[in-house]
Amino acid sequence: MSPESAPILNVSNVVKRFGGFHALDGLSFHCAPGEILGLVGPNGSGKTTAINVISGLYAPDGGEVTFDGASLGGVASHRLVHRGINRTFQIPKPFLSLTVRQNIAVALAYGRAAVAPPEMAALLDEYRLADVADRPAADLNNAQQKMLDLVRALATRPRLLLLDELAAGLNPAELDWIAERIKALAQGGMAIIVVEHLMGFIEHITDRVIVMNAGKEIFEGKLAVAVQVPQVIEVFLGGEHAA
Amino acid sequence: MPSAFKHTLFIVAPLLAVFAVLPGVYENHLLLFNFVIFLILAQGVNIIYGFTGYLPFGYVGFFGAGAYGFAILVMHYQAPAVIAVLAAGLVGVALGLLLTPLLRLSGAYFAIANLAASLAVLHFVANPALENITRGPYGVSLTGTFNPTLAYSAALAVLALTLGAVVFLKNSGFGLALQAVREDAVSASMAGVNVVRMRVIAWLASALVAGLAGGVYAWYVSVFYPDNVFSGDFSIFAIVFALFGGVATISGPIVGVIILYGIYNLIGFTTPQYFQLIYGLLIMGLVLFLPAGLVSLATRRGWHVP
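Chains A and B are the protein sequences, given in the same order. Numbering follows our numbering, in which position 13 of the first sequence is assigned residue number 13; successive positions increment by one, without gaps. With the second sequence counted from 1, adding 243 to any position gets you our numbering.
Pulled out of the complex, with its shape left as it was, chain A reads as follows:
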């Protein structure tokens, strides 16, 4: 499923500072429709910050993000959703007192999906939420809340989907299952960026990875190649592997 089409997302030279700390320090990469791109790196390397900048939660202090040819600078998050960008959260953030069905209904109604939005029943079925559809989201376990977070994003029919540690905390069977779902979404033409610590999972689903350290890209390519690069091994896998 190696993508041939032009990138839909271009991140160029993006800088994000928090006080004196450079969370992103000239980060550049791109992602094409149908591609699954992995963002990997040690804690604090800027992966989630990158997702927060692309999804409009943070305004970058420098550089530019363009989506579908248009700059995203200063565009409010809900407008980015309407343009076709959506994401999940590392710690899922459902509307706790609303039922699962109501959670999804908000996104279906307000997501302004460019194409016909998916069906509520199909989403509930495909992401194993049908049994809990009428329960408050607060009653869901962590894995179910993550699925609800994903479905909330999918209900807006994104063309670019950012997954922030979706797999963390899932059991092996759930991991295999969600990996297949993500691949199927990409085959449908969605550009997907995956932030993840589980290397097996990343290797299994991504076409390409960006290895980040201290807010910069230090490697771009296949994960299998990345693990041979001494600099990557040093900063990412830890000193003991470098020997």
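Keep in mind that the hints were calculated from the coordinates and are not lab data. Please note that the accuracy of each hint is not assured.
Stated by the list, open to error - Simulated crosslink set (SDA-like; lysine to any residue; CA at most 20 Å straight-line):
1) A/Lys-93 / A/Gly-169
2) B/Lys-249 / B/Ser-415
3) A/Lys-93 / B/Glu-426
4) A/Lys-93 / A/Gly-74
5) A/Lys-93 / B/Gly-296
6) A/Lys-93 / B/Asn-437
7) A/Lys-216 / A/Ile-233
8) A/Lys-93 / B/Lys-249
9) A/Lys-93 / B/Thr-392
10) A/Lys-93 / B/Ala-428
11) A/Lys-183 / A/Arg-159
12) A/Lys-222 / B/Tyr-352
13) A/Lys-93 / B/Asp-427
14) A/Lys-183 / A/Ala-168
15) A/Lys-222 / A/Arg-208
16) A/Lys-183 / A/Gly-34
17) A/Lys-93 / B/Gly-350
Unchecked claim - Only some residues are given here: those of chain A computed to face chain B with a beta carbon under 7 Å:
18) Phe-95
19) Thr-99
20) Arg-101
21) Gly-111
22) Arg-112
23) Arg-152
24) Ile-218
25) Gly-221
Just so it is clear, the structure is predicted and the values come from calculations on it, not from any experiment. A virtual CB, placed ideally from N, CA and C, is assigned to each residue, including glycine.
We have chain A already, so just place chain B on it with the hints.
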């Protein structure tokens, strides 16, 4: 039967009917009028607090501004009372627009800033330098429009409008989106909801409700001072009644007003020495055991409460 229709038929219509009939059989009309006013204000608090999470400690600011909006139109422009009530609503909305920057704050910061804003409006209105416009601290007397019967009917109309708004919020995608914003603003924006716009709409709607209530209050009482219509009791009572019953429902604030304002009038007059004690215990018990209000007795059992 669609649930909005059910809520109107089984909650809104009976309540309005009871308060339309009661003046014919019960003599204390002022008490009935005050019940209607608090039903309106508690639902106004419900709109902004129940559906968006902003606790309006200075809610009386809109009420007082509405009362003075009514008074100024009647005193200086000889406006008919009904027009002046509508203008009172608009004055509430105008003050709401002026205060929209407060929505950037959250939690206690918002509550305190809102309280300060209502005090600022009080002192603005009560300023002796504005005697020619507001009569300053000397109060207004609107004998020309005095008509308690019509004013009571107008209050019922405002209550109907307010309940209609809450029924809409309870049964619409718009109301659901507002609750989503209350639960998690970031996730709501990621569901495509324009968070700022939703908050402003709810804020202005609750300001409109309080402004209209202030207008009919001014019409009913006809003579009042700034301290009367900007009394912090209005904010506190409306908030406590709404919370006691349970917000983000239609019935909760109604139950809260009937029970608490009922008790207030029963024991407040007969045995005032026990009133503060009983009231205090009730509210402490609520906060400790039923933070989501009386309706949570039912929702905990899995019952749906409209």
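Hints, verified against the model:
Taken as a hint, the A/Lys-93 and A/Gly-169 pair is honoured in the structure, with Cα atoms around 16 Å apart against an allowance of 20 Å. A distance of roughly 14 Å separates the Cα atoms of B/Lys-249 and B/Ser-415; the hinted pair therefore holds under the 20 Å criterion. Taken as a hint, the A/Lys-93 and B/Glu-426 pair is honoured in the structure, with Cα atoms around 9 Å apart against an allowance of 20 Å. Proximity of A/Lys-93 to A/Gly-74 is assessed by CA-CA distance (about 23 Å); at most 20 Å being required, the pair is judged violated.
A threshold of 20 Å between alpha carbons decides the hint, and for A/Lys-93 with B/Gly-296 the separation of about 17 Å falls inside it, so the pair holds. Proximity of A/Lys-93 to B/Asn-437 is assessed by CA-CA distance (about 17 Å); at most 20 Å being required, the pair is judged to hold. In summary, the hint linking A/Lys-216 to A/Ile-233 is supported, as the alpha carbons are separated by about 15 Å, within the 20 Å threshold. In summary, the hint linking A/Lys-93 to B/Lys-249 is not supported, as the alpha carbons are separated by about 32 Å, beyond the 20 Å threshold.
In summary, the hint linking A/Lys-93 to B/Thr-392 is not supported, as the alpha carbons are separated by about 51 Å, beyond the 20 Å threshold. This hinted pair checks out: A/Lys-93 and B/Ala-428 have alpha carbons roughly 10 Å apart, not beyond 20 Å. Restraint check for A/Lys-183 and A/Arg-159: the C-alpha separation of about 14 Å stays at or below 20 Å, so the hint holds. This hinted pair does not check out: A/Lys-222 and B/Tyr-352 have alpha carbons roughly 50 Å apart, beyond 20 Å.
The hinted pair formed by A/Lys-93 and B/Asp-427 meets the criterion: a straight-line CA distance of about 7 Å does not exceed 20 Å. Between A/Lys-183 and A/Ala-168 the CA atoms are separated by roughly 17 Å; this keeps the pair inside 20 Å, and the hint holds. The suggested pairing of A/Lys-222 with A/Arg-208 holds, with an alpha-carbon distance near 5 Å, which does not exceed 20 Å. For the hint pairing A/Lys-183 with A/Gly-34, the CA-to-CA distance comes to about 9 Å; that is within 20 Å, so the pair holds.
A hinted pair counts as satisfied when its Cα atoms are at most 20 Å apart, and A/Lys-93 with B/Gly-350 qualifies at roughly 19 Å. With its C-beta approaching chain B no nearer than about 4 Å, A/Phe-95 sits inside the 7 Å limit, and its interface hint holds. For A/Thr-99, the shortest C-beta to C-beta distance to chain B is roughly 10 Å, which exceeds 7 Å, and the interface hint is violated. At its closest, the beta carbon of A/Arg-101 sits 10 Å from a beta carbon of chain B; the interface hint therefore is violated under the 7 Å criterion.
The beta carbon of A/Gly-111 is positioned within 7 Å of a beta carbon in chain B (closest approach about 4 Å), and the interface hint is therefore held. Because the smallest distance between the Cβ of A/Arg-112 and any Cβ of chain B comes to about 6 Å, under 7 Å, the interface hint for this residue holds. Checking A/Arg-152 against chain B by beta carbon gives a least distance of about 6 Å; that is within 7 Å, so the hint holds. Evaluation of the A/Ile-218 hint against chain B yields a violated restraint, the C-beta minimum of about 30 Å exceeding 7 Å.
Because the closest C-beta pair between A/Gly-221 and chain B is about 31 Å apart, greater than 7 Å, the hint is violated.
Of the hints listed earlier, those the structure fails to meet are numbers 4, 8, 9, 12, 19, 20, 24, 25, in rising order.
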